[in-house]
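A.B. asks: Here is what each chain is made of, one letter per residue.
Protein chains: 2
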Amino acid sequence: MNHFFESKHLLLNSKDKFLPNILLNNVIFGYYEGKIKILLKKLMIYDKWMLPEGFIYKTESVEEAAYRALKENIGIDNILLTQFHVFGEINRLYSKVDKNILNQRYVSIGYYAFVNYSKVKMFCNEKEEIRWFDINKLPKLYGDHNKIINTAIFEICKYINHIPIGYELLPEKFTMSELRLIYEAFLGENLDRRNFQRKMLSMGFINKLNEKSEKRGIKPTILYSFKKDKYMKCLMQFLKL
Amino acid sequence: MNHFFESKHLLLNSKDKFLPNILLNNVIFGYYEGKIKILLKKLMIYDKWMLPEGFIYKTESVEEAAYRALKENIGIDNILLTQFHVFGEINRLYSKVDKNILNQRYVSIGYYAFVNYSKVKMFCNEKEEIRWFDINKLPKLYGDHNKIINTAIFEICKYINHIPIGYELLPEKFTMSELRLIYEAFLGENLDRRNFQRKMLSMGFINKLNEKSEKRGIKPTILYSFKKDKYMKCLMQFLKL
Chain H
1 MNHFFESKHL LLNSKDKFLP NILLNNVIFG YYEGKIKILL KKLMIYDKWM LPEGFIYKTE
61 SVEEAAYRAL KENIGIDNIL LTQFHVFGEI NRLYSKVDKN ILNQRYVSIG YYAFVNYSKV
121 KMFCNEKEEI RWFDINKLPK LYGDHNKIIN TAIFEICKYI NHIPIGYELL PEKFTMSELR
181 LIYEAFLGEN LDRRNFQRKM LSMGFINKLN EKSEKRGIKP TILYSFKKDK YMKCLMQFLK
241 L
Chain C
1 MNHFFESKHL LLNSKDKFLP NILLNNVIFG YYEGKIKILL KKLMIYDKWM LPEGFIYKTE
61 SVEEAAYRAL KENIGIDNIL LTQFHVFGEI NRLYSKVDKN ILNQRYVSIG YYAFVNYSKV
121 KMFCNEKEEI RWFDINKLPK LYGDHNKIIN TAIFEICKYI NHIPIGYELL PEKFTMSELR
181 LIYEAFLGEN LDRRNFQRKM LSMGFINKLN EKSEKRGIKP TILYSFKKDK YMKCLMQFLK
241 L
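Here the protein sequences line up with chains H and C, keeping their order.
According to UniProt numbering, the first sequence holds residues 1 to 241 in order.
According to UniProt numbering, the second sequence holds residues 1 to 241 in order.
Note that these hints are calculated values from the structure, not bench results.
Wrong hints could be hidden among the right ones.
As the list claims (entries may be wrong) - Computed spacing ranges between beta-carbons, pair by pair:
| no. | chain 1 | residue 1 | chain 2 | residue 2 | range |
| --- | --- | --- | --- | --- | --- |
| 1 | H | F123 | C | K121 | 53 to 59 angstroms |
| 2 | C | P171 | H | F123 | 41 to 47 angstroms |
| 3 | H | K147 | C | P171 | 48 to 54 angstroms |
| 4 | H | F123 | C | H162 | 56 to 62 angstroms |
| 5 | C | G34 | H | K121 | 55 to 61 angstroms |
| 6 | H | F133 | C | N136 | 37 to 43 angstroms |
| 7 | C | I160 | H | M44 | 25 to 31 angstroms |
| 8 | C | D192 | H | K233 | 54 to 60 angstroms |
| 9 | C | I160 | H | D16 | 41 to 47 angstroms |
Said to hold, decoys possible - Heads up, incomplete: computed chain C residues facing chain H, CB under 8 angstroms, no partners named:
| no. | residue |
| --- | --- |
| 10 | E60 |
| 11 | I109 |
| 12 | N210 |
| 13 | K240 |
These numbers come from a predicted model, not from an experiment.
C-beta: ideal position from N, C-alpha, C; glycine also.
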């Protein structure tokens with residue numbers, strides 16, 4: 001059986017177990033070597049990359065499905081997944097070619113998560129590939145997945161002026177430049193170094209440490225850490241989780 | 001045929017036209033005589049009030065369905081509907097009794113809207129009732145509809161410190177006390193009169209008019225109006241509509 005028929009067979013066989021017409025897509029952000037990364041997946045039967053997806057078992061809630069899908073895709077479950085928007089256009093997914101394959105309409109619920117890059121395990125088989133991409137160098141994406149990613153970034157930008165992002169992305173001790181790079185990637189603009197530092201410290205979620213980074217070839221720089229408890233409390237209150 | 005069988009019959013007959021397992025609920029806010037109101041509906045076959053709902057035709061987008069449902073329920077379509085959250089718990093709707101009637105799981109997409117109270121027409125028939133309720137005196141609600149309303153209010157509170165609400169609720173010319181009453185209803189707390197006025201004016205969305213209200217028995221009070229263009233532009237940017 002070739003990939004095409006095998007996938008179709010699998011879907012048809014399990015269709016009674018899942019809610020029809022609904023799925024979810026996880027936008028997973030990581031940080032590696034000064035770049036924000038997004039996790040994408042490619043099924044061999046398609047020529048385009050896509051966001052990791054999940055179907056919803058009739059026996060689980062939508063949120064449970066989102067966490068299960070995350071665990072199945074990257075082996076992580078102990079993180080914050082935030083639901084941010086529903087994508088429900090009629091022709092959001094299928095081109096003429098795709099229609100021949102699945103011939104079904106899906107409404108997609110978008111979730112985003114920040115994960116520790118080094119803890120991600122890529123679970124995939126010979127029918128799919130999973131890989132990190134630089135947020136500024138994404139490949140051509142399937143359906144409206146570009147819109148899903150842009151909407152996630154937009155939603156994150158709504159609160160980063162109140163509660164910093166970066167806790168899950170950065171190492172425990174980080175420099176102000178590393179934090180600024182993350183902001184710049186999400187906001188899509190360069191930020192003034194001094195203003196940024198002043199603002200971050202005045203928000204009250206970050207400790208200045210009595211330590212400096214000692215990377216070879218770089219001038220020692222002050223290190224910072226998150227006030228984890230305060231940060232998590234405010235973030236969850238803002239997101240109402 | 002009694003109501004029970006008639007409703008079931010209608011749903012079964014049209015089920016191939018709608019996406020199964022998904023619906024949407026509109027939280028519709030109005031303002032009347034100093035109180036924030038929410039529009040609720042009661043089907044004769046149930047004993048509890050519920051939010052107006054809509055099913056999604058296979059031939060329309062989720063957003064189109066939300067606007068169509070609004071028009072069908074209250075005859076209004078020229079307003080802003082904002083999608084805010086998906087409610088996907090397994091047992092969010094049905095009690096044992098309900099299970100006997102529809103026996104189906106629905107994932108619900110929540111939308112909210114502010115409408116001009118005086119422009120709302122209540123379309124209903126002998127099988128249902130539709131009515132405004134004071135936000136502080138809601139009746140016992142069906143399923144998780146209390147949670148849907150509270151989540152809508154929470155989402156609105158996220159931006160009212162940046163962009164005022166009230167444009168669709170208040171008359172064209174309004175007093176600062178009327179605007180403050182709306183804030184107090186959403187925030188669930190009393191606000192200092194002077195601080196509130198200073199804050200509202202500094203946000204830059206409101207004009208102080210050279211006119212005073214002249215209600216009999218009340219001291220003449222300064223009137224204000226919204227800077228409509230600026231307000232709508234910022235709001236739509238914030239909500240990314």
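A.B. asks: Now look at each hint and say whether the structure bears it out.
C.D. replies: How the hints compare with the structure:
1. Between H/F123 and C/K121 the CB atoms are about 54 angstroms apart, so this pair conforms to the stated range of 53 to 59 angstroms.
2. Taken as a hint, the range 41 to 47 angstroms is violated for the pair C/P171 and H/F123, whose Cβ atoms sit roughly 59 angstroms apart.
3. Between H/K147 and C/P171 the Cβ separation comes to about 38 angstroms, which falls outside the hinted range of 48 to 54 angstroms.
4. Between H/F123 and C/H162 the C-beta distance comes to about 41 angstroms, which lies outside the given range of 56 to 62 angstroms.
5. Taking the beta carbon of each, C/G34 and H/K121 are about 58 angstroms apart, inside 55 to 61 angstroms as hinted.
6. Between H/F133 and C/N136 the CB atoms are about 49 angstroms apart, so this pair departs from the stated range of 37 to 43 angstroms.
7. For the pair C/I160 and H/M44, the supplied restraint of 25 to 31 angstroms is violated, since their beta-carbon distance comes to about 49 angstroms.
8. Under the hint 54 to 60 angstroms, the C-beta atoms of C/D192 and H/K233, about 26 angstroms apart, miss the expected range.
9. A beta carbon spacing of about 45 angstroms between C/I160 and H/D16 agrees with the range 41 to 47 angstroms that was offered as a hint.
10. A cut of 8 angstroms between beta carbons decides the hint on C/E60: the least distance to chain H is about 7 angstroms, and the hint holds.
11. For C/I109, the shortest C-beta to C-beta distance to chain H is roughly 5 angstroms, which falls under 8 angstroms, so the interface hint holds.
12. Taken as an interface hint, C/N210 does not check out: its beta carbon lies about 36 angstroms from the nearest beta carbon of chain H, beyond 8 angstroms.
13. Interface restraint check for C/K240: the shortest CB-CB distance to chain H comes to about 5 angstroms, inside 8 angstroms, so the restraint holds.
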